[in-house]
Amino acid sequence: MIPGNYFGMPTTGRDDWKLNRLTLAFAGEIRQYEKAFRDDYYSHSLNPMRFSLVLSIFFFGIFAFLDAVLLPDLKTMFWIIRFGIISPLLIVVILFSYSPSFKKYMQPVLAAIMYITGLSIIVMTIFAANQAGNYTYYAGLFLIFIIGYTFIKARFIYATIVGWSIVASYEVGAIWISNTPVEILINNNFFFISANVIGMFISYFMEQSVRRDFYMRILLEKEQEKVQGANNALEKRVQERTRQLTLANKDLKKEIEIRMRHEKEKTRLESQLIQLQKMETIGTLAGGIAHDFNNILTPILGYTEMALEELSEESTLRYDIEQINIAALRGKDLVQQILTFSRQVDFDKKPLRMDLVVTEVLKLMRASFPSNIEIRQELDKKCGTVLADLTQMHQVIMNLCTNAYHAMMGKGGVLTVRLDLQKVGAKHLKGDVKIQKGNYVRLSISDTGHGMDKRTIERIFEPFFTQKEVGSGSGLGLSVVHGIVSNYNGTIRVESEPGKGSRFIIYLPQHSDHYDEIKEIVQELKKGKGSILFVDDEKEITFMGKRMLESLGYTVDIRTDSQDALKVFRQDPYKYDLLVTDQAMPKMLGTELISEIKKIRPDIKSIIITGYQDSLPSNAMDLYGIEDIISKPLILSEFSVLIGKVLTQNVKKAS
Amino acid sequence: MMKRILIIDDDHHILLMMKKMLERVGFEIDLASNGKEGLDLISKVPFDLVITDIIMPEKEGLETIREMKRIHSEFKIIAMSGGGKISADNYLETARIFGASKILEKPFTKKQLVTAVQDVLG
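Those protein sequences? They're chains A and B, same order as listed.
265 is the number that our numbering gives to position 264 of the first sequence; each next residue is one higher, with no gaps.
86 is the number that our numbering gives to position 102 of the second sequence; each next residue is one higher, with no gaps.
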């Protein structure tokens, strides 16, 4: 509740609310608002003032009717006053109110016209009393008071002065000019003074109220400004805080991202480390197994050998013991592979140009691939060299290409072999715990085959893990590849998606960036002509051999069964110029097959392929009449030269 | 006079097999199942040749070779191994440096063994 003052007017409740009691002007602390108030008052008063002036003209005119009825003799003079003086005067004031300078003169002008109008009524009252004994015209002054104190918007002080001036003027006129009777004078004065006093109060309270409203408005504006200021400050703080929060949020997000990346990286490294440890453990285990296995194989092979020495050629035990020998030799070969995987076999390291090695292997693979598999090669010839063993590199590339072939078997697809130089910096290092900074020759072999799932990828490098049917491979292939690549401080990566294909990427440290000074380590393929019978108990090898030899220009028949091969040879002994046979075969050893065939045709030339050269006596070539012995894995260039040499000797002998 | 050979290996099967192989071609054979036993025997009996395995319990092969060479630097030794934590090649290469005249990788054939022995004994 706003407390009221003794007039019942509400105050602001503030100490600085102070008005001049008489003029009602702002006083004390709030004096400064006086000018602003007057401006405001002026602008709010203009229209009501014009309206009240128009109203005044209207009523002043209407009373002309009264003049005509009550005082026909004075009509002319009164009408001149009404229409000739007062109405034009009011019209002039209305017009003047539209001028900018009116603001300055508004209150005095209003006071003046109020007084003049009032005076005109007094004049008419005096004339009416003197000429016609009519004392009623004074009532018009009440209208002046009503309009003057309220409607016309004169300020209290002006209205009051004018009000009392009019009363005083009436007294003068009424007493000295018109000799108004005393009782009428007293009567009129009662009405005048009362009306005047009431008008004063009305005017007083109206102005006070308007001023209070104005001041309240100012206070409100001030408060609003304060609130607005606080609001702005708050807004600013909110904005600043929001900006800080956004930044913090951004940082937080970034940090979370980095953390998540680190976490991911950590998990990846951990799993890689675990994988590495696993591989190393398996390697150590494999090494131990290999050692024990060799010790076990030693007496088996030794006693078998001694037993065979003692057995007569006709003994029925002979075949059985030979089988033991073959099985043990296979075991020995397996141990060799395990040792390769566990990096316990040293090889002959030489600087190799991988582009040449890849080209050679692909030449061979191209021959053994079905036509629905397309081979694409993109080899950068300026990769320099890697320090590695040629045979092992052959093994790696052949193995990966063969796997790709298996993955695309039947459906066909594209085998892409890429070779390029990759600078491995700190950024790349993060991904691999093993690989060191430097230049790497990167070999990527990708297929469009069946691909692998995550679980499979995790296990493919473990020895004896295979996806092929049982019996179609030892499962050592990729573990050997892994062993070889690791042995050269390289690394191997696998990307694969089920149904889409796989990509194996091998990184081998670059040995030197010279690439044109290196002698071509790949020998020219020696082409030739002739008919060859190729025997090996492993189907895949016979297919590969056939493709290989046919690509060199030979005609090739293949057999996987030694007895079957003997039968074929017996049917047409002169069909073939050369017999190429594996040594370790069930039913009959390669050397035995050669012996049997020599019985049919003594001059037939033969080559033995063996993974276990040791198991052949050093005089085997003379003993069995073999032209040459070649060890696995078969390398096309060596093989082509050897066959060419053997067959040329053949021709020489024949000629 | 028959040449006398000492074979040291922790694998009894291998010892017996080698004994049989070498006796067939006319050598006199003694056996020891570890380096310590072997060194004991050497101090009692004069041998023309010692064939020793490398990875053995009790006294390890390389150590045995070194000690034998310390006793008599002209001692003829053949080292053999089936590989292990590092490659057989590496072991045997080391054995050669310690003074083994020849090295044999397990498994070997009778012929390889006999040839090696004959080579060393001249």
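Heads up, some of the hints might be wrong.
Unchecked claim - Some but not every residue of chain A turned toward chain B, in silico, with C-beta under 7 Å:
#1 Ile95
#2 Ser98
#3 Ser100
#4 Ser102
#5 Phe152
#6 Leu298
#7 Pro300
#8 Gly303
#9 Asn326
#10 Lys333
#11 Asp334
These are computed hints drawn from the structure, not numbers from a lab.
In this text, all values refer to a predicted model and were calculated from it rather than measured experimentally.
We put the CB at the ideal spot given by N, CA and C, even for glycine.
Outcome of the hint check:
1. The beta carbon of Ile95 (chain A) comes no nearer than 123 Å to any beta carbon in chain B, farther than 7 Å, and the hint placing it at the interface is violated.
2. Violation of the interface hint for Ser98 (chain A) is found here, the shortest Cβ-Cβ separation to chain B being roughly 119 Å, above the 7 Å cut-off.
3. Interface restraint check: Ser100 (chain A) against chain B, minimum CB-CB distance 118 Å, threshold 7 Å, status violated.
4. This hint is violated: Ser102 (chain A) has a C-beta 118 Å from the nearest C-beta of chain B, more than the 7 Å allowed.
5. Hint on Phe152 (chain A) is violated. Least Cβ distance to chain B is approximately 121 Å, over the 7 Å limit.
6. At about 4 Å, the closest approach between the beta carbon of Leu298 (chain A) and any beta carbon in chain B falls short of 7 Å, and the interface hint on this residue holds.
7. Among the interface hints, the one on Pro300 (chain A) holds; its C-beta lies about 4 Å from the nearest C-beta in chain B, closer than the 7 Å criterion.
8. Hint status for Gly303 (chain A) relative to chain B: holds, with the closest Cβ pair at about 4 Å, below 7 Å.
9. Checking Asn326 (chain A) against chain B: minimum C-beta separation of about 10 Å lies over 7 Å; hint violated.
10. Of the supplied interface hints, the one on Lys333 (chain A) holds, with its beta-carbon coming within about 6 Å of a beta-carbon of chain B, less than 7 Å.
11. At its closest, the beta carbon of Asp334 (chain A) sits 11 Å from a beta carbon of chain B; the interface hint therefore is violated under the 7 Å criterion.
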